[in-house]
Amino acid sequence: MPNIEKKSFDALVVGGGIAGVESAINIANNGLKVLLVEKDLTIGGKMIMLSKVFPTLDCSACITTPKISEVDRHPNVTIMTNTEVLHIDKQDKHYFKAQIKEKARYVDVSNCTGCQLCEDACPVVVPDQYQYGMVGRKAAYIPFNIASPRVASIDIENCSLCGACEKACPTQCIDFTQEDKEYEIVVKSVVIATGFNLFDPLKIPRYSYGSAKNVITSMEMERHLAPTRPYNHVLRPGDGKMPDNIAYVLCTGSRDMTVGNPICSQICCMYSIKQAQLLMGALPMADVTIYYINIRSFGKGFEEFYEQAKGMGINFVKGKIGQIDELENGDLKVRYEDINQGKLVESKHDLVVLSVGAMANEDPKTMFKADTWKQDEFAFAQQKDLFYTPSLSSIDGVFLAGTTSGPMDIPDTILSSGAASMEAIRYIKQAKVEI
Amino acid sequence: MAKVDLKFGKKLKKFGAIDFNACYNCGTCTAVCALSDEKDSFPREMVRFSVTGLSEDVKGSLKPWLCYYCGECTTYCPQEAKPGELMMSLRRYATSRYDWTGLSGLLYKNLLAYIISFLLVIAGVIGAYLSDTFTTEEWFHYGHYFEMLAIVGVFLLILTPNIFRMWLYSVQSKKKGFKLKHYFSAFGELLVHMFTQKRTLKCDDDAKNKIWWFEHFILVFGYLALLFTTVVLDWFATEVPFIIYMGYVFSGIIFIVTFDFVIRRIRKRSEKSTFSHPSDWFFVIWLFLMGVSAFAVRLLVDTGLILDNFWVYLFHVIILVQWALIIVPFGKWTHFLYRSFAMYFDKVNKLNAA
Chain A
1 MPNIEKKSFD ALVVGGGIAG VESAINIANN GLKVLLVEKD LTIGGKMIML
51 SKVFPTLDCS ACITTPKISE VDRHPNVTIM TNTEVLHIDK QDKHYFKAQI
101 KEKARYVDVS NCTGCQLCED ACPVVVPDQY QYGMVGRKAA YIPFNIASPR
151 VASIDIENCS LCGACEKACP TQCIDFTQED KEYEIVVKSV VIATGFNLFD
201 PLKIPRYSYG SAKNVITSME MERHLAPTRP YNHVLRPGDG KMPDNIAYVL
251 CTGSRDMTVG NPICSQICCM YSIKQAQLLM GALPMADVTI YYINIRSFGK
301 GFEEFYEQAK GMGINFVKGK IGQIDELENG DLKVRYEDIN QGKLVESKHD
351 LVVLSVGAMA NEDPKTMFKA DTWKQDEFAF AQQKDLFYTP SLSSIDGVFL
401 AGTTSGPMDI PDTILSSGAA SMEAIRYIKQ AKVEI
Chain B
1 MAKVDLKFGK KLKKFGAIDF NACYNCGTCT AVCALSDEKD SFPREMVRFS
51 VTGLSEDVKG SLKPWLCYYC GECTTYCPQE AKPGELMMSL RRYATSRYDW
101 TGLSGLLYKN LLAYIISFLL VIAGVIGAYL SDTFTTEEWF HYGHYFEMLA
151 IVGVFLLILT PNIFRMWLYS VQSKKKGFKL KHYFSAFGEL LVHMFTQKRT
201 LKCDDDAKNK IWWFEHFILV FGYLALLFTT VVLDWFATEV PFIIYMGYVF
251 SGIIFIVTFD FVIRRIRKRS EKSTFSHPSD WFFVIWLFLM GVSAFAVRLL
301 VDTGLILDNF WVYLFHVIIL VQWALIIVPF GKWTHFLYRS FAMYFDKVNK
351 LNAA
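These protein sequence lines are chains A and B, in that order. Sequence positions in the first sequence follow the numbering used here and run 1 to 435. Sequence positions in the second sequence follow the numbering used here and run 1 to 354.
Only chain A is shown next, with the shape it has when bound in the complex:
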C-alpha cells in the first residue's frame, strides 16, 4: 500500500463495494482528495462476485470492472485494502480524526506483479472464501483474477511458514516481517458505504442448510452461474450431478420475525428470477420452481422481467417452504402449503437454493463514539430524514451510500451513492468557505 505521507483528505469513504467506489469517483471527479478504505483484500464488494444483474442481464463483473479500474487509477483517490477503520472522531464542525489499521499482507504490494508463482509454490490448500468454499485456494493467493489490487497475500492463519513462496517469488516481495500498521488521518467528511451482510441460513435449522449437501444459498448459486465460476458448469455440490429440478425458497431470513428480520430485503425476488432465467439457459432441460409469499417486482423493468420469466416456463408457486429434508440420494423433500390450492404438498427437488435476505452490517456502530451513530430498528443506519435528506446520517458530515441505510438493489445503490457523494461535496466545499 502506498505510504500515506499525506495524512489529510477531503473525504474518507469506508467500504470498497460498488457504493463506496461510485461515491469515491464522484467526489474525486470534483477535484477533491479521497481515501477509500476496504477491509477485504480487494475492492469490488459483493457486486463483483455476481453473475449478471437484473433486469438488464448485463454481466456484473463486466460492468463493475470499469468502475474499479477508474477508481484505482484516479489521481485523487488513495485506496487502502485489507484495512479497518478503528475510530472516527468528530473534532469540530468540519474536521474528523480517523484511526485506521492496515493489516499485514506479508507481501510488498508495490513490487508484486501478480505472477502467481507463489500460489503455485504454496503447499497449503484451504477452502476459497471467494468461491464460497466450492473450490480450494492456497495460503499464498490472489483473491480472484479480477481482484483489485491484483496482488498476492499470505493467509497467515493457515500458512505453514515453509518459505516456498519466498523462494518462488521473482521480485522478492514476500515479507514475513510485516506488521499491522495504524495511521491517524484527518478528513473533512466521511461517506459510510459498508453495505450489508447476507442472512445466515444456519439460523433456520428446518431448512437443513449445512447438513443437507444440496441446499445452497443464492450467493453460492451466483458463483455457479458467474463467468468466473469454479466448475464451469452448474453442478450440485453433493455429488456433482447436473441438477434438473431446482427449487428457490424466497424470503429465507426476510419478512420473518422469528429470526428478528421482519422486513423485505427488496432484492431476493428479483435476483432469484434472474438466476432462474440464467438457469434456463445453463440447464435447458431443468425445471425451476420459485416458492414465494409475494413477488415484489416493483422497480423499473422488473415486472416485465418477472413476466418474461413466467413466459420462459419458470414455475411460480405461492407458498412458503416450511421444512426441507434430505433424502438418501441427496435429493430434497420440501414441504409447503400451495396457497392457491389450500393444500399441503410435499415435493422433491435435486437442488434447493435459499434466497437469503439482506441484514444490516453493524460495523459503523463501533467506529463512532457511543450514541452518536444512530441505527434504525433493524440496525441499518438511521437517516436524518428519510424523505428530504436520505443520505445524511445522524452525524453532521457523515453520509450514507448504498445499503448502509437499508436493503436496496444495485441501481438504487448507484443513485444513493450519487446523492451521498453530492452531499459530501457540498459539505466539503462549504467547509472550505468557512475555514
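These are computed hints drawn from the structure, not numbers from a lab. C-beta: ideal position from N, C-alpha, C; glycine also. Do not take every clue at face value.
Selected chain B positions facing chain A (Cβ under 8 Å, derived; list incomplete) [said to hold, decoys possible]:
id, residue
1, ASN25
2, CYS26
3, THR30
4, ALA31
5, ASP37
6, GLU38
7, SER41
8, PRO78
Below are the SDA-like pairs computed for lysine to any residue, each with C-alpha atoms no more than 25 Å apart in a straight line [said to hold, decoys possible]:
id, chain 1, residue 1, chain 2, residue 2
9, A, LYS203, B, ALA207
10, B, LYS202, A, GLU346
11, A, LYS333, B, LEU35
12, B, LYS174, A, GLN341
13, B, LYS350, A, GLN341
14, A, LYS348, B, GLU38
15, B, LYS202, A, GLU326
16, A, LYS343, B, ALA354
17, A, LYS343, B, SER173
18, B, LYS202, A, ASP338
19, B, LYS268, A, MET257
20, B, LYS210, A, PRO205
21, A, LYS318, B, ALA34
Assemble the complex: chain A is given as a structure, and chain B must be docked to it using the hints.
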C-alpha cells in the same frame, strides 16, 4: 357470494384469539404442522376464514378439532400471528356454535357470567345447607344421587343434542344421503381417540410432548375411573377396602397431574400453555379442587372426623355441582367429546368422499 365480515375477528378475540390479523398468508404454519396432511391442511385456512369472517365455514369445519396444539405453527410463524392460539379459540367458538342453549358462548365470552354462575351454585348449596332441609346423612345420600342425575341429565339434554348439531354442521351438510356402514366402519376412531389421545404423539418426537401426553392420558384415565368409583361404586359410603383404596389412587392422580398442569400454565412451559383463557383456568383448577376435596372427604370419613368437618364435604359438593352443571356441559370439558367425535366424523367424511 361470500362477504367479508370484520366483526367476526373481534368476536373471536373474546374467545381468546390474538394477533391472527397479522397473517400474511404464507402457509408456513401449515407446512410445519405435523398433523396437517394433503387432505386436511390447516391452520392457514382457518386463519383465512377468521380474518375474512367466514364464520359458517368455521362452524362446519372439523379442522379446529384435528389440531392438537403442538405449537410449532406459533413458534415458526414469521408474522407472530399465533395460529396455534387461534385454533384453540376456534375450538371454543365451535363449542359455542354446537351448544343449542347458547350458554357456552355466553360463558366463554363473558368472565363475569362465568363468575356469577359459580357464585349462584355456591349460594344454592349453602342455602340448601342452612335451610336444614336435609340431615347430614341425607346430604351424603343425595350427593351421590345428584351426581347420577346430573350425568344423565347433562348427557341427554345438553351434550347429545350438541353432538347431533356438530354432526349436522360438519358431516350431514357436506354430503347428502346417509350411509350407515360408513358410521360402523369408522366407529373405532371414536373409541381410540377418546381413550388414547394418540394423535398428540404425532406432534413431534420431542420428550416434552411425550410427557405431556402421558400426564394427560393418565389424567383422563384417572378422571373416568374416579367417576366410576364414586358414582357406580359409591366410594364415599362403601365399606369395601379395595374400592376405598382405588378411590384414593384415582383422586390422587387427578390432583397431582392437574397441579402440574396449573404449574405449566403459570410457567408458560410450552406454546400450548402460554396463553390461558379463563375457561382453561377454571377447567384445570376445578379438576384439581375436585381431586383434592374428594380425597379429603374420604380421608375424613376413614378417620371418623367428617361430621366435625362437614364444611369439607360441602366444599366438595360445591365444586362438584359447579363442575357438573357449568364446566361439563358448557365449558372446556366438552373437548373430551368433540375431539373424539371430530376424528370419527372426519373419517366418515373421508369414507363418504371415497
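So, going through the hints one by one against the coordinates:
The beta carbon of ASN25(B) comes within 6 Å of a beta carbon in chain A, closer than 8 Å, and the hint placing it at the interface holds. The restraint placing CYS26(B) at the interface with chain A holds, with a minimum CB-CB distance near 4 Å, inside the 8 Å limit. At about 4 Å, the closest approach between the beta carbon of THR30(B) and any beta carbon in chain A falls short of 8 Å, and the interface hint on this residue holds. A cut of 8 Å between beta carbons decides the hint on ALA31(B): the least distance to chain A is about 2 Å, and the hint holds.
A least Cβ separation of about 6 Å between ASP37(B) and chain A falls short of the 8 Å threshold, and the interface hint therefore holds. For GLU38(B), the shortest C-beta to C-beta distance to chain A is roughly 5 Å, which falls under 8 Å, so the interface hint holds. With a cut of 8 Å, the hint placing SER41(B) at the interface with chain A holds, because the nearest CB-to-CB distance is about 4 Å. Nearest Cβ of chain A to the Cβ of PRO78(B): about 4 Å, under the 8 Å cut. The hint holds.
Simply put, LYS203(A) and ALA207(B) have alpha-carbon atoms about 23 Å apart, close enough for the 25 Å limit, and the pair holds. Restraint check for LYS202(B) and GLU346(A): the C-alpha separation of about 18 Å stays at or below 25 Å, so the hint holds. Taking the CA atoms of LYS333(A) and LEU35(B), the gap is about 17 Å. The hint holds against a cut of 25 Å. The hinted pair formed by LYS174(B) and GLN341(A) meets the criterion: a straight-line CA distance of about 19 Å does not exceed 25 Å.
Restraint check for LYS350(B) and GLN341(A): the C-alpha separation of about 19 Å stays at or below 25 Å, so the hint holds. Of the pairs offered as hints, the one joining LYS348(A) and GLU38(B) holds, with about 15 Å between alpha carbons and a cut-off of 25 Å not exceeded. Annotation: proposed proximity of LYS202(B) to GLU326(A) holds, straight-line Cα distance about 20 Å (limit 25 Å). The straight-line distance between the Cα atoms of LYS343(A) and ALA354(B) is roughly 18 Å, inside the 25 Å bound, and the hint therefore holds.
For a cut-off of 25 Å, the pair hint linking LYS343(A) to SER173(B) stands: about 22 Å separates their Cα positions. Between the alpha carbons of LYS202(B) and ASP338(A) the distance comes to roughly 22 Å, so the proposed pair stays at or under 25 Å and holds. About 20 Å separates the Cα atoms of LYS268(B) and MET257(A), which keeps this hinted pair within 25 Å; it holds. For the hint pairing LYS210(B) with PRO205(A), the CA-to-CA distance comes to about 22 Å; that is within 25 Å, so the pair holds.
Of the pairs offered as hints, the one joining LYS318(A) and ALA34(B) holds, with about 20 Å between alpha carbons and a cut-off of 25 Å not exceeded.
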